[in-house]
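Sequences and hints are given; from them, build the entire structure.
Line by line, the protein sequences are chains A and B.
Note that the first sequence covers residues 1 to 142 in this note's numbering.
Note that the second sequence covers residues 1001 to 1129 in this note's numbering.
Check the hints yourself; a few may be wrong.
[As the list claims (entries may be wrong)] Here are some, though not all, of the chain B residues that point toward chain A, as calculated from beta-carbon distances under 8 Å:
#1 1036
#2 1051
#3 1055
#4 1100
[To be verified] Distance ranges between label pairs, derived from CB positions:
#5 B:1057 / A:31: 22 to 32 Å
#6 B:1094 / A:67: 32 to 42 Å
#7 B:1027 / A:71: 14 to 24 Å
#8 A:108 / B:1056: 24 to 34 Å
#9 B:1056 / A:71: 12 to 22 Å
#10 B:1096 / A:136: 49 to 59 Å
#11 A:120 / B:1049: 22 to 32 Å
Hints listed in this document are in silico derivations from the structure and should not be mistaken for laboratory results.
In this text, all values refer to a predicted model and were calculated from it rather than measured experimentally.
No residue lacks a Cβ here, since even glycine has one placed at the ideal position from N, Cα and C.
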Amino acid sequence: MAELEAGTTAAARRPRPLSPHLQVYKFMLSYVMSGFHRISGFVLYFGVLLIAWWLIAAASGPNAYANFEWFMGSLIGRLVLLGYTWALLHHLLGGIRHLIWDVGRGFEPTEREFLALATIVGSISLTLIVWVVGYLAMGGPR
Amino acid sequence: MKQNQILTPMRRVRGLGAAHTGTQNFWHQRVTSVAAIPLTIALIIIVISLLGRSHAAVVQILGSPIVAIVMLLFIINTAYHMWIGLQEIIIDYVHEDKLKLACLMGNTFFVFAIAFASAFAILKLSFGV
Ligand code: HEM
Ligand code: HEM
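Set out below in structure tokens:
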């Protein structure tokens, strides 16, 4: 009982959280990343068309495959692929972040901000690594 | 039986909820997300190792059993995952009943078309003809 009372007074002295307001809102990377997860999921939804095109082109024959390769080799194709790679890796890391939350961990403010930062830094670094390895696998840019 | 523990008591009793499916979609979204981690890494490795190869080589590698099976698993898992995901997004943003139904239906058509077209392509690469 004594413990309970001590707990209550301590809680009463703690500053209560203020209700959020659109214009008075502390910037948090975590809520930006939350939006990014949905946007990347949405982008990937239509990005699956690229994978389908690739598979169907390969199954259709050399000419269809050459068309696919031509588009992916163009500047626009390269940019689309770069965006797709980043969306995929960002969503992958963001998804892992969600799964960490699902098992009840990572909710402390510092942990949340760390996870958000790790998602964005990790997805950009991984994208660069994948592209460098990709170009090396192809034998240099062309 | 583990799965049942995540269902709310009301879901077990009535099998209802806003979407009449209780927490099933939520749970399946988690299952497909966990599966998506290794499958996505595998996809990236497969794509990198095929970059710059001739069409004949790509056909041979994509059609080989292990690669084809991994690609099929990726496609099927992703299809279900993205179907649930987009349904969630649509329900959040589209409130007018008829439009919502049109979008939900469009989501289903799109996902089935993509999944079956991709799966067909993989099978054709494997079995030739
Ligand atoms: C091409 C592959 C993928 C596509 C097309 C895709 C698509 C989507 C979409 C449309 C959503 C809904 C977003 C929302 O409700 O805000 C979503 C959510 C989610 N995705 Fe993916 N996804 C893919 C890969 C992955 C991967 C590799 C993971 C790895 C962990 C993942 C984990 C998740 C999780 C945990 C959620 C739920 C987030 C939440 O509850 O808000 N996804 N995905
Ligand atoms: C996040 C996803 C989506 C959002 C937010 C969304 C939003 C909307 C909105 C606002 C409208 C009304 C347009 C108007 O008033 O003219 C609409 C209509 C429609 N949408 Fe979607 N949509 C989504 C996904 C999809 C998908 C994936 C498909 C099919 C591939 C689709 C198919 C349709 C169709 C057939 C209509 C009816 C058009 C009409 O009645 O004029 N939607 N959607």
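Cross-check of the supplied hints:
Interface hint at residue 1036 (chain B): satisfied, since its Cβ lies 7 Å from the closest Cβ of chain A, which is below the 8 Å cut-off. At its closest, the beta carbon of residue 1051 (chain B) sits 5 Å from a beta carbon of chain A; the interface hint therefore holds under the 8 Å criterion. Interface restraint check: residue 1055 (chain B) against chain A, minimum CB-CB distance 4 Å, threshold 8 Å, status holds. Checking residue 1100 (chain B) against chain A: minimum C-beta separation of about 17 Å lies over 8 Å; hint violated.
Checked against the hint of 22 to 32 Å, the pair residue 1057 (chain B) and residue 31 (chain A) fails, with Cβ atoms roughly 46 Å apart. The given range of 32 to 42 Å is respected by residue 1094 (chain B) and residue 67 (chain A), whose C-beta atoms sit roughly 35 Å from each other. A C-beta distance of roughly 39 Å is found between residue 1027 (chain B) and residue 71 (chain A), which places it outside the suggested range of 14 to 24 Å. At about 54 Å, the beta-carbon gap between residue 108 (chain A) and residue 1056 (chain B) misses the expected band of 24 to 34 Å.
Checked against the hint of 12 to 22 Å, the pair residue 1056 (chain B) and residue 71 (chain A) passes, with Cβ atoms roughly 20 Å apart. Distance hint check: the CB atoms of residue 1096 (chain B) and residue 136 (chain A) are about 51 Å apart, consistent with the given range 49 to 59 Å. Checked against the hint of 22 to 32 Å, the C-beta distance between residue 120 (chain A) and residue 1049 (chain B) comes to roughly 28 Å, which is consistent with it.
Hint compliance for this structure: hints 4, 5, 7 and 8 are broken, all remaining hints hold.
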